[in-house]
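Asks: Turn these sequences into a full structure, and let the hints guide you.
6 protein chains.
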Amino acid sequence: MNVLFFGAHPDDIESFCGGTALRYAQMGAKLYFCVATNGNVGSTSLSKEEIAKVRKREAQSAADFIGAELIWLGFDDEFLIDSVETRHAFINAMRIADPDVVISPCRTDYNPDHSITGYIVDECLHMAGVPNIKTEAPPTKKAIPHLYFMDTPAGVGFEPELYVEITHVFEKKVKLLGYHESQNTWMKTLFNYEMDAFLEIPARYRGLQVGVPMAEGFRPSYRWGRNFSRHYLPDCLTGAGLEKS
Amino acid sequence: MNVLFFGAHPDDIESFCGGTALRYAQMGAKLYFCVATNGNVGSTSLSKEEIAKVRKREAQSAADFIGAELIWLGFDDEFLIDSVETRHAFINAMRIADPDVVISPCRTDYNPDHSITGYIVDECLHMAGVPNIKTEAPPTKKAIPHLYFMDTPAGVGFEPELYVEITHVFEKKVKLLGYHESQNTWMKTLFNYEMDAFLEIPARYRGLQVGVPMAEGFRPSYRWGRNFSRHYLPDCLTGAGLEKS
Amino acid sequence: MNVLFFGAHPDDIESFCGGTALRYAQMGAKLYFCVATNGNVGSTSLSKEEIAKVRKREAQSAADFIGAELIWLGFDDEFLIDSVETRHAFINAMRIADPDVVISPCRTDYNPDHSITGYIVDECLHMAGVPNIKTEAPPTKKAIPHLYFMDTPAGVGFEPELYVEITHVFEKKVKLLGYHESQNTWMKTLFNYEMDAFLEIPARYRGLQVGVPMAEGFRPSYRWGRNFSRHYLPDCLTGAGLEKS
Amino acid sequence: MNVLFFGAHPDDIESFCGGTALRYAQMGAKLYFCVATNGNVGSTSLSKEEIAKVRKREAQSAADFIGAELIWLGFDDEFLIDSVETRHAFINAMRIADPDVVISPCRTDYNPDHSITGYIVDECLHMAGVPNIKTEAPPTKKAIPHLYFMDTPAGVGFEPELYVEITHVFEKKVKLLGYHESQNTWMKTLFNYEMDAFLEIPARYRGLQVGVPMAEGFRPSYRWGRNFSRHYLPDCLTGAGLEKS
Amino acid sequence: MNVLFFGAHPDDIESFCGGTALRYAQMGAKLYFCVATNGNVGSTSLSKEEIAKVRKREAQSAADFIGAELIWLGFDDEFLIDSVETRHAFINAMRIADPDVVISPCRTDYNPDHSITGYIVDECLHMAGVPNIKTEAPPTKKAIPHLYFMDTPAGVGFEPELYVEITHVFEKKVKLLGYHESQNTWMKTLFNYEMDAFLEIPARYRGLQVGVPMAEGFRPSYRWGRNFSRHYLPDCLTGAGLEKS
Amino acid sequence: MNVLFFGAHPDDIESFCGGTALRYAQMGAKLYFCVATNGNVGSTSLSKEEIAKVRKREAQSAADFIGAELIWLGFDDEFLIDSVETRHAFINAMRIADPDVVISPCRTDYNPDHSITGYIVDECLHMAGVPNIKTEAPPTKKAIPHLYFMDTPAGVGFEPELYVEITHVFEKKVKLLGYHESQNTWMKTLFNYEMDAFLEIPARYRGLQVGVPMAEGFRPSYRWGRNFSRHYLPDCLTGAGLEKS
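Line by line, the protein sequences give chains A, B, C, D, E and F. Remember, the working numbering sits 7 above the position in the first sequence when you count from 1. Remember, the working numbering sits 7 above the position in the second sequence when you count from 1. Remember, the working numbering sits 7 above the position in the third sequence when you count from 1. Remember, the working numbering sits 7 above the position in the fourth sequence when you count from 1. Remember, the working numbering sits 7 above the position in the fifth sequence when you count from 1. Remember, the working numbering sits 7 above the position in the sixth sequence when you count from 1.
Just to be clear, a hint being listed does not mean it is correct.
Note that identical chains are pooled: a pair holds if it fits in a single copy or bridges any two copies.
Stated by the list, open to error - Taking lysine-lysine and the DSS-like style, the derived pairs with C-alpha atoms no more than 27 Å apart in a straight line are:
1. K195 - K148
2. K182 - K195
3. K63 - K195
4. K55 - K141
5. K141 - K60
6. K60 - K37
Derived from the structure by calculation, the hints contain no laboratory data. Source: prediction; values computed, not measured.
Replies: Structure, rendered in structure tokens:
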């Protein structure tokens, strides 16, 4: 099973669904981390070029740690726009990953890079298999993959429908996000919060909502061509059968 | 696995989720059909007492056919009210069935018996395990079961989130509903439709929506104490594991 | 009465509201079919240029069959973008048709060509009469026309508010869509469905919802400058008066 | 055409849709005003019995003025409850009126008498034709009538979907409401407003929204058994045909 | 300023808005805690009568600790019903407290005692001042008070619109809830959670959402007769003026 | 306190929140009026260049009258597009104003200039303080300001959550809008309404909803980084403290 994660910024995948990625990895899935923007505004001291380099290096380290393939689209941070060029770049990423399951930021998230990443993924997912759309990578052959939207910062405007328990991988998730060390300072400057608080508080809260110590929350994208008769998040792939686990 | 279905009227379970019941039965689950009202207005020629008797007999035949245990609450058709008495009757049914999964009409369905059945089930499900609530049957010991709302007549006001394929059990579903023969005339009188049309057209439409020939649609009830990290409808209980079926 | 239909792709108008178009035609309305994209990805064997030519020819034949004037915008399939250029093209189409009623795909439809067509139509409808916006065709003089959104593929995410009975024109609707023969193969490849199933199953389902054998479903666009004190879909134009038909 | 209006309190029909009632009356429709409660808390000086008498007399005068038949259910003001008794009283009223169109307060209105009146009407409308439900009046024979919800006080929580122009009957509407003279004082005491302001300000605002000097706003009730292929409010019954009026 | 809190069960006010109550108390407001049910199912070992006594004693201790007046309605736990009797009991409580601000559970909360408490408070708040409604306490003279809905257990189905910082009173909130010691065991039995987790995790999460260490979340009830031009939660009552605090 | 108003067209701020601007001005706040487009389609007789000049002059006069600083972005009327260029222009305006509170058209407003202005403001507000985003004006240092959406034309699709009383500044608001005299003719041509009706009818209606003679309505924008523990509209800045005014 190939799982493709889209993040708007270099640390988004790790922050909002790093635990789920670790769960998939433990089950033997092949992971792809596609990062839409280069994070080049994420510093108060470094220039755009300098911080972009740092952030790509950090993203690569995190991807290496979890064993994911990094797909770096390199668009300008805070200025992602829906365009013919952007759509082709996203479709190319989908074709590289040839995913069975896709996870992206949701369309109503708080930042235009997040919401537009979610928009393009949601609108263009079926295009990966269309031969007359030309990109570097060849069209996929699989059925249109299912899509889940990840949680938002502090869960504002987001009510999960499906949860993934991350209790036993939480420590590893902290480590995974730790590779994005340039962002700890930045988040503190912009929002007056440590990155760790962004991990632990939501993990405990989403856990409380679903009855386990720690969890991450998701919403399926219901659309023509990819409605659900079953789900493909980690807890849906284990323990099936007549007896409830 | 015990599966408890609530129907507002004697033929509702068979009409709106008979295919799903057949799928569960094939998998070896134990089924309970709880019917809230006695259907005593469902005739233009028989008195309330006479038609109620006919409908109970039909419901018992259908339950026997599928191997479900019938729980007959016997409230007056079209006059179900939320009351202390009604709640106790529903809780007693939950305790008889001791369910792992519950399916009920949805709270916004078109008929007060439907909507109030959905309301009481949704609001009182956690009470089955509370010792100080006294009913004939003893309290349950299991965790609060998950609840799914079945489709509405002709799907009005209902957008499914999860589907169950019923292609291979559809013929048997027609047979199952056939036991409620008194209702064919009644539906034709009231809504000018054959009961068969109520089965085939929605089955094909819900199938079209999810990409199989025939399906039934459901919505989970998201509430404190029973959120989801996986689902328990038939297609979620088979074929799990890393490879998508 | 002039009725302007917008379709994202060459066969969309015929698929989702061909029956309604036939009803309008029977009543003597003048029809305009405006197709936003050239459908140039709709083939697995032909090149973009070749399939675009085929699709335009098919669209013209269908328009001829029903007696509609075809307005072909020719944008690239799957890559419609909200831009100054696109808006002018849409406004020009509105001015050519000078419509009393407009029908378009809805803004939340599943494909970006659909959703952006619906977006531009809905946002720019009042601009057709503004003199300082320059296009080839001159500004319209009529009041801002009313807008209805057509149904989505398999009705996913769409709850109709107003229906049009198509029982007596259904056979002709099948014929009308039949002119788009290149799409039968394509739909089968992409979604594993025959085009006929896309016509008959929803027609019967929407009919079931409103109490006639076959129907198409619509939602009005409620916006400042075009709210409703009456409606202009075919069944609203006949049989008015105190006696209900 | 018979039109049945339900009001929670003696002056509600006149306040929220008196203009529409006058329009129907002008067209020759037969009107029924069913008032659910006796308005017996609507005074700071009279006892419950005294004010109830006054209000019934006022309601009768208003009904006489417009030529409507008054159906007085007489339940206690502010204490309407959904019960077997209440439902039968409402069903009996439906049978007396044998309506083609029904108008009621909406289910989310601000006062429990309003919301429960809307709830019972909406849930029980199909029961008027069911023979085994016994009331003084015999079952109706017509198809299930269409239902529209009237506007709320000051339009709070209410977005109209369909409007009725009342410009030319507004003066008469003021007169009609004038028969409820005991309520002018009461409204002023409770909400610090003259009744006239409740008529003129919303009339002008709803007019502004739909492009006429004065209007009243409505929402259809979309439910199984009574979806719409056309509408039956006054402006929908006149001027139909291909030419827009 | 009088602030009236409604709780469905003896520990609900303290759990979901105890911090806000403490903030009001510090500002010198007069507090009233009205508890709708007697909590008589909240034990696995004590009888209904015994546990009801324990819970009333605990509620009184908590109220004493914070300096609130306890209004004990004593309805049966899990069986609150909307009735003439219940409404009068609630109205009497409103008249005892004569509130400027009211806080209640929300109408969509997970438990029928919660949702019906929210329903009755929301629907009947304007009745406290109506002279012809007779209760033990005399009618109020103030304007209709504003109403805020408190958060739900684990925030399921609840998106706050307004927050109250509780950082500096959190320790005291834990103490306040500590008086309901019988419930610690009960919650653990029913939901497998310590009561403390119910306090700390949501406090930190709601804080994260609004940018302070710890907070409680609320939603105003927007209804005719009590819309808002300003708010009355604690943080809205301090630091006003042109400079932002 | 700096308050930044965004308008899509030269007279929008004055029309939809001119009363609120006057209230802020009376309190001593510093006002900024940022106008996104140059209004160059707003005439049936003048060319684009001519009417744009007229409208800028009118906007400047209105700003002078109230003492606001005018920020004129000058984009083409009816053709505002979300782009890298547009976003930078908006961010520059935010930096010039350095606001504590921002007011903009809402994202679902009826005209693309309105909806896209609302969209860009809502999505980009946090960018004003990001150093690596370069504009003419330097980055702001304040916390992310709170954002309120102003009412829509005739309130279509807009339910206010918070109101500002404008009774005592209404006469002045009429004068303020009077500076946009070119628009009186235009509105009458396009929508058949006098501009005065657009001021008085909604002012009385919003007043009726909140219980004062005249008001304007707003909705907060709830987003990560700017949730609310108190509000900053004029009536929230006065009369705070324990006693309700």
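Asks: Please go over all the hints and tell whether each is borne out by the structure.
Replies: Hints versus structure:
no., hint, verdict
1, K195 - K148, "between (44 Å within a copy, 14 Å between copies)"
2, K182 - K195, "within (18 Å within a copy, 32 Å between copies)"
3, K63 - K195, "within (20 Å within a copy, 42 Å between copies)"
4, K55 - K141, "between (31 Å within a copy, 10 Å between copies)"
5, K141 - K60, "between (29 Å within a copy, 19 Å between copies)"
6, K60 - K37, "within (26 Å within a copy, 41 Å between copies)"
Going through the hint list in order, the structure satisfies each hint without exception.
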